[in-house]
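Participant: If you want the building blocks of each chain, they are given just below.
2 protein chains.
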Amino acid sequence: MASHGFWGLGAPENAGDNTSNQSPTTPRAWCQAAAQKLPGGIGSKLCALLSVAGEGEKTPEPTSTKLDETTVGTCGCNKPCNCLKATEATLGFSDLYSTDLLPALDGDLKTMTFLQEVVDILLAYITESFDRETKVIDFHYPNELLQRNNWELQDEPETLDDILISCRATLKYAIKTAHPRYFNQLSTGLDMVGLAADWLTSTANTNMFTYEVAPVFVLLEYVTLKKMREIIGWEDGRGDGIFSPGGAISNMYAMLLARFKMFPEVKEKGMSSVPRLAAFTSEHSHFSIKKGAAALGIGTESVICIKADESGKMIPADLERKILEAKQKGFVPFFVSATAGTTVYGAFDPLIAISDICKKYQVWFHVDGAWGGSLIMSRKHKWKLDGVERANSVTWNPHKMMAVPLQCSALLVREEGLMQNCNQMHACYLFQQDKHYDLSYDTGDKALQCGRHVDIFKLWLMWRAKGTIGFEAQIDKCLELSEYLYNKIKGREGYEMVFNGKPQHTNVCFWYLPPGMRYLEDKEEKKKRLHKVAPVIKARMMEYGTTMVSYQPQGDKVNFFRMVISNPAATFEDIDFLIEEIERLGQDL
Amino acid sequence: MASHGFWGLGAPENAGDNTSNQSPTTPRAWCQAAAQKLPGGIGSKLCALLSVAGEGEKTPEPTSTKLDETTVGTCGCNKPCNCLKATEATLGFSDLYSTDLLPALDGDLKTMTFLQEVVDILLAYITESFDRETKVIDFHYPNELLQRNNWELQDEPETLDDILISCRATLKYAIKTAHPRYFNQLSTGLDMVGLAADWLTSTANTNMFTYEVAPVFVLLEYVTLKKMREIIGWEDGRGDGIFSPGGAISNMYAMLLARFKMFPEVKEKGMSSVPRLAAFTSEHSHFSIKKGAAALGIGTESVICIKADESGKMIPADLERKILEAKQKGFVPFFVSATAGTTVYGAFDPLIAISDICKKYQVWFHVDGAWGGSLIMSRKHKWKLDGVERANSVTWNPHKMMAVPLQCSALLVREEGLMQNCNQMHACYLFQQDKHYDLSYDTGDKALQCGRHVDIFKLWLMWRAKGTIGFEAQIDKCLELSEYLYNKIKGREGYEMVFNGKPQHTNVCFWYLPPGMRYLEDKEEKKKRLHKVAPVIKARMMEYGTTMVSYQPQGDKVNFFRMVISNPAATFEDIDFLIEEIERLGQDL
Numbered sequence: 001m002a003s004h005g006f007w008g009l010g011a012p013e014n015a016g017d018n019t020s021n022q023s024p025t026t027p028r029a030w031c032q033a034a035a036q037k038l039p040g041g042i043g044s045k046l047c048a049l050l051s052v053a054g055e056g057e058k059t060p061e062p063t064s065t066k067l068d069e070t071t072v073g074t075c076g077c078n079k080p081c082n083c084l085k086a087t088e089a090t091l092g093f094s095d096l097y098s099t100d101l102l103p104a105l106d107g108d109l110k111t112m113t114f115l116q117e118v119v120d121i122l123l124a125y126i127t128e129s130f131d132r133e134t135k136v137i138d139f140h141y142p143n144e145l146l147q148r149n150n151w152e153l154q155d156e157p158e159t160l161d162d163i164l165i166s167c168r169a170t171l172k173y174a175i176k177t178a179h180p181r182y183f184n185q186l187s188t189g190l191d192m193v194g195l196a197a198d199w200l201t202s203t204a205n206t207n208m209f210t211y212e213v214a215p216v217f218v219l220l221e222y223v224t225l226k227k228m229r230e231i232i233g234w235e236d237g238r239g240d241g242i243f244s245p246g247g248a249i250s251n252m253y254a255m256l257l258a259r260f261k262m263f264p265e266v267k268e269k270g271m272s273s274v275p276r277l278a279a280f281t282s283e284h285s286h287f288s289i290k291k292g293a294a295a296l297g298i299g300t301e302s303v304i305c306i307k308a309d310e311s312g313k314m315i316p317a318d319l320e321r322k323i324l325e326a327k328q329k330g331f332v333p334f335f336v337s338a339t340a341g342t343t344v345y346g347a348f349d350p351l352i353a354i355s356d357i358c359k360k361y362q363v364w365f366h367v368d369g370a371w372g373g374s375l376i377m378s379r380k381h382k383w384k385l386d387g388v389e390r391a392n393s394v395t396w397n398p399h400k401m402m403a404v405p406l407q408c409s410a411l412l413v414r415e416e417g418l419m420q421n422c423n424q425m426h427a428c429y430l431f432q433q434d435k436h437y438d439l440s441y442d443t444g445d446k447a448l449q450c451g452r453h454v455d456i457f458k459l460w461l462m463w464r465a466k467g468t469i470g471f472e473a474q475i476d477k478c479l480e481l482s483e484y485l486y487n488k489i490k491g492r493e494g495y496e497m498v499f500n501g502k503p504q505h506t507n508v509c510f511w512y513l514p515p516g517m518r519y520l521e522d523k524e525e526k527k528k529r530l531h532k533v534a535p536v537i538k539a540r541m542m543e544y545g546t547t548m549v550s551y552q553p554q555g556d557k558v559n560f561f562r563m564v565i566s567n568p569a570a571t572f573e574d575i576d577f578l579i580e581e582i583e584r585l586g587q588d589l
Numbered sequence: 001m002a003s004h005g006f007w008g009l010g011a012p013e014n015a016g017d018n019t020s021n022q023s024p025t026t027p028r029a030w031c032q033a034a035a036q037k038l039p040g041g042i043g044s045k046l047c048a049l050l051s052v053a054g055e056g057e058k059t060p061e062p063t064s065t066k067l068d069e070t071t072v073g074t075c076g077c078n079k080p081c082n083c084l085k086a087t088e089a090t091l092g093f094s095d096l097y098s099t100d101l102l103p104a105l106d107g108d109l110k111t112m113t114f115l116q117e118v119v120d121i122l123l124a125y126i127t128e129s130f131d132r133e134t135k136v137i138d139f140h141y142p143n144e145l146l147q148r149n150n151w152e153l154q155d156e157p158e159t160l161d162d163i164l165i166s167c168r169a170t171l172k173y174a175i176k177t178a179h180p181r182y183f184n185q186l187s188t189g190l191d192m193v194g195l196a197a198d199w200l201t202s203t204a205n206t207n208m209f210t211y212e213v214a215p216v217f218v219l220l221e222y223v224t225l226k227k228m229r230e231i232i233g234w235e236d237g238r239g240d241g242i243f244s245p246g247g248a249i250s251n252m253y254a255m256l257l258a259r260f261k262m263f264p265e266v267k268e269k270g271m272s273s274v275p276r277l278a279a280f281t282s283e284h285s286h287f288s289i290k291k292g293a294a295a296l297g298i299g300t301e302s303v304i305c306i307k308a309d310e311s312g313k314m315i316p317a318d319l320e321r322k323i324l325e326a327k328q329k330g331f332v333p334f335f336v337s338a339t340a341g342t343t344v345y346g347a348f349d350p351l352i353a354i355s356d357i358c359k360k361y362q363v364w365f366h367v368d369g370a371w372g373g374s375l376i377m378s379r380k381h382k383w384k385l386d387g388v389e390r391a392n393s394v395t396w397n398p399h400k401m402m403a404v405p406l407q408c409s410a411l412l413v414r415e416e417g418l419m420q421n422c423n424q425m426h427a428c429y430l431f432q433q434d435k436h437y438d439l440s441y442d443t444g445d446k447a448l449q450c451g452r453h454v455d456i457f458k459l460w461l462m463w464r465a466k467g468t469i470g471f472e473a474q475i476d477k478c479l480e481l482s483e484y485l486y487n488k489i490k491g492r493e494g495y496e497m498v499f500n501g502k503p504q505h506t507n508v509c510f511w512y513l514p515p516g517m518r519y520l521e522d523k524e525e526k527k528k529r530l531h532k533v534a535p536v537i538k539a540r541m542m543e544y545g546t547t548m549v550s551y552q553p554q555g556d557k558v559n560f561f562r563m564v565i566s567n568p569a570a571t572f573e574d575i576d577f578l579i580e581e582i583e584r585l586g587q588d589l
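Protein chains in written order, with full-length UniProt numbering: chain Y, 1 to 589; chain G, 1 to 589.
Keep in mind the hints are simulated off the structure, nothing from the lab. Hints may contain errors.
[Unchecked claim] Computed footprint of chain Y on chain G; a stretch qualifies when at least three of its residues, placed anywhere within it, have a C-beta under 8 Å from a C-beta of chain Y:
#1 133 to 144
#2 154 to 165
#3 173 to 183
#4 261 to 268
#5 283 to 289
#6 297 to 310
#7 441 to 453
Just so it is clear, CB atoms sit at the ideal spot from N, CA and C, and this is done for glycine as well.
Please construct the entire structure, taking both the sequences and the accompanying hints into account.
Facilitator: Right, dumping it as structure tokens:
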């Protein structure tokens with residue numbers, strides 16, 4: 001067939017008048033051609049569109065964004081409408097089943113139409129998510145949500161129409177994590193290039209264990225880990241590393257490597273061949289250090305908590321004291337985990353001083369930079385990580401402060417070959433030694449996992465799209481917003497900071513005291529009442545769906561708000577809104 | 001604004017003639033309206049299309065599927081063409097950067113256009129992947145692939161045009177895991193509903209740790225795990241479980257729970273409080289059992305290998321003998337892992353006999369059904385798992401035989417509450433006890449991970465789309481194909497089966513002897529040469545890109561092919577093709 005026009009489209013032979021440039025002259029003629037040729041089900045839609053519109057059927061506009069009860073069962077335009085019915089009438093999702101899709105014979109068009117329909121639902125959801133008029137969450141209690149929909153699994157298949165309805169229902173009750181006022185976790189926001197990369201990753205549907213099945217992704221992991229090690233400051237980016245399923249697992253890897261480095265026989269002989277070990281981390285560190293110690297058979301009692309100062313930083317003198325104490329008790333200190341960006345306060349432990357102590361006592365120096373590691377990409381803030389280049393291993397989660405879609409966590413390791421020696425089991429069905437390519441790219445045997453999800457592509461593609469300076473700008477902006485918040489509330493009536501001084505990360509920790517509580521004389525009574533304020537305000541935020549921010553107690557401090565900003569969609573106005581909202585929801589308490 | 005026509009489209013006020021039914025009468029008028037109203041950037045594309053086509057520009061057809069060297073830099077149609085240039089001219093991706101996308105002000109349309117462009121690339125890739133005329137892989141050696149593209153990460157951002165080029169390049173060199181002739185791993189194929197669900201999961205971009213941030217997904221995990229436990233045969237579906245990042249981690253969880261159940265003090269005190277432990281698994285079991293033992297501080301020497309019979313099944317009498325031996329040596333037997341579907345032979349250990357021994361010696365009975373667990377969904381094949389209902393824990397990977405996109409692995413646990421007790425650390429910044437909803441839905445503290453990827457939605461949505469009977473049909477078909485393969489080659493000249501008898505799973509293990517090797521008298525020489533056959537044929541398969549199948553040695557057996565079928569796209573003809581291809585590529589060896 002001769003090619004005519006963009007995408008090979010032109011007037012079909014029997015489609016009426018043709019002009020000399022082969023462009024179709026009536027919409028109907030054009031769309032008849034399009035229906036057969038356009039990718040992604042677009043053509044079918046156009047045909048449906050024209051034939052329906054041609055019959056004068058009236059449907060509402062698709063411009064609205066707010067969700068309401070009637071969303072489920074509409075076209076994704078989120079207003080009550082009969083679009084879906086019109087689509088169904090033409091495309092017949094109510095007559096189609098998953099078995100009609102690829103690999104079914106002639107399943108191409110149906111597949112493209114179905115996937116395009118899903119994409120349209122997702123695109124509408126994305127637009128909504130960034131709209132401040134939309135709720136962050138349409139909250140329902142678990143039992144209520146279980147009853148609002150039929151979520152059960154049955155023996156019989158459902159139609160694709162039902163599947164699309166399930167997609168809409170799932171999104172209706174989901175948290176809009178891209179929403180500019182979603183501040184609840186260290187991972188917030190939704191990056192469009194990262195999202196595109198994740199869609200591609202799902203489509204490639206492969207596994208990181210060998211070059212054979214993931215050639216590009218394995219190379220991109222190699223390139224990216226090297227770049228990250230260069231940024232850490234390791235000579236020529238040398239060393240090792242892996243992307244793992246989250247910061248907790250990255251930290252567990254670090255502890256595993258530290259133990260193996262000191263006592264390689266532990267791999268075969270287990271902990272019975274090893275003296276009683278001691279690990280050290282600050283009282284503000286992440287719970288995954290203890291979780292790792294429990295799992296690895298070291299035991300939580302072997303994790304010795306080091307005192308933190310008022311702003312949450314580990315006190316090096318206390319570290320040294322506790323190392324000496326442990327040695328006196330017959331423990332062998334093997335692992336120190338300093339935190340670069342603690343979970344609650346956002347504090348950066350003094351890495352240089354800690355590394356000196358680790359060197360003195362020959363202990364593995366790990367930096368848990370799951371939250372704060374990304375600040376090394378900012379020329380303005382990287383000083384907070386001074387000394388990280390001395391680490392034996394570093395956890396760094398691009399899915400937090402760099403807003404890479406979940407999950408994306410790296411463990412970087414200074415010593416080459418150690419991970420391989422520590423974890424390899426030489427499975428000969430997977431890591432055949434007589435393959436025809438360079439086996440050093442079969443990196444799977446250094447992992448604890450066998451199959452490993454492809455987490456690299458979204459980070460790599462975002463890095464290409466933003467450049468290092470793009471990440472820097474994004475990080476700097478979040479820190480600027482948190483400084484704005486800090487300055488705004490530190491002297492404001494009704495607010496009290498949990499610790500003094502400007503926060504080092506985007507964590508701003510504060511109490512809000514409702515007017516009726518501000519002048520209470522009874523300190524115990526005040527504390528008791530204050531403890532209940534944050535949970536109530538948080539519950540109201542969720543019920544109104546206007547914003548979400550976290551709270552918690554810490555040590556002897558009653559519940560306070562922990563505001564964190566990693567969401568690139570947030571602006572100064574959103575910070576203002578948060579404060580107004582806390583005051584609106586809390587004034588009667 | 002009044003609504004007119006489907007999707008609210010109609011003729012704009014200045015767009016020429018209107019008919020009484022408000023449908024546009026010229027393509028250009030129609031498309032001008034469409035450009036402003038259509039979701040997903042489709043409208044812009046149409047405008048681009050018409051204005052280009054209107055100027056008589058000639059471009060080739062989009063119907064081709066085969067990749068060639070010129071793909072990178074074209075429109076995704078995979079033929080040398082100037083489509084992209086045409087698109088660029090209109091949509092200007094070469095002038096756009098990621099900072100122009102949402103959350104940028106007025107970033108909606110650009111975002112939709114960009115994401116739609118990515119989706120079009122993905123849809124084209126999907127169509128291609130199912131086309132037998134397309135290569136499974138466009139293979140290049142690592143160093144060559146590193147040089148074929150610029151994969152480096154820079155300081156400066158790239159344009160969205162460059163980003164799209166990177167997406168195309170990545171897919172060009174990727175394995176087409178959906179391809180009907182891709183048999184390389186236990187996880188093959190690409191399910192369209194599963195893919196749609198994974199795209200939605202990426203878009204929701206949240207985390208499984210609390211109900212607060214993943215209300216629907218947490219409920220769906222609850223519903224699905226309960227259903228899976230019912231199928232296992234546990235009363236009323238009671239018990240516990242979790243979706244973990246793969247079978248290796250699921251098995252590690254099981255070992256961790258078994259240890260904790262017997263010695264709960266290990267959590268605080270570590271292995272020094274515990275006697276020397278012994279775990280038992282067959283010599284054909286997956287390497288993750290040893291990997292787990294190494295990580296948990298138990299040590300690989302404490303994993304005692306039980307003899308398997310000729311077809312790869314654990315010999316119960318040897319298990320009992322080795323348990324007694326271990327006890328005599330002072331070890332405490334704590335864990336038996338039976339395999340339901342071994343990695344290489346696809347053998348099912350005799351679960352009932354093994355469970356009797358576990359009961360007798362009061363040892364935790366784990367079933368590693370990562371590969372074979374799914375057969376329980378088939379009325380025809382579930383007998384192979386008889387006894388699984390007696391297990392204390394079961395690993396079951398829907399991402400293998402059920403063709404759910406990677407990753408999707410479940411660990412099911414009989415005893416309620418044990419996971420929570422074993423792993424919880426009560427992080428008060430995440431699992432606040434004064435939340436306003438039922439805290440039993442905050443399931444994160446029973447995980448080893450902190451953040452946990454949402455792996456549930458693709459399984460749940462596929463289950464809704466297929467029903468249990470749909471999974472059953474898919475599984476039965478794969479087993480039918482493997483039986484066809486077995487019958488075809490068992491008496492065929494030049495083939496030798498690695499073990500006698502019909503395989504229990506889809507694994508068919510065989511040697512192919514090229515004609516020149518068949519009548520060699522020197523058995524050692526024959527063995528030596530045969531060992532090299534499979535690697536060479538495999539390398540040639542990859543270089544031609546026609547198919548991919550795995551091979552390995554096992555024990556004293558030289559390299560043999562391990563064919564496995566989990567790809568729902570495969571047909572009898574693909575099996576025929578595989579045999580022809582092995583013979584074509586191997587005849588000269």
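Participant: Next step is simple, just say for each hint if it's right about the structure.
Facilitator: Right, here's what the structure says about each hint:
1. Note: the segment 133 to 144 of chain G has 6 residues with beta-carbon separation from chain Y under 8 Å; the three-residue rule is met and the coverage holds.
2. Judged by the Cβ-Cβ criterion of 8 Å, the segment 154 to 165 of chain G is covered by chain Y as claimed, because 8 of its residues qualify and three suffice.
3. Counting residues of the segment 173 to 183 of chain G whose CB falls under 8 Å from any CB of chain Y gives 6; the rule of at least 3 is met.
4. Residues of the segment 261 to 268 of chain G lying with their CB closer than 8 Å to a CB of chain Y number 3, which satisfies the three-residue condition for coverage.
5. Coverage of the segment 283 to 289 of chain G by chain Y holds. Counting CB-CB distances below 8 Å, 3 residues qualify, and the rule asks for three or more.
6. With 6 residues having a Cβ less than 8 Å from any Cβ of chain Y, the segment 297 to 310 of chain G passes the three-residue criterion, so the hint holds.
7. For the segment 441 to 453 of chain G, the assignment as covered by chain Y holds, since 7 residues bring a beta-carbon within under 8 Å of that chain's beta-carbons and 3 suffice.
Of the hints listed earlier, there is not a single one the structure fails to meet.
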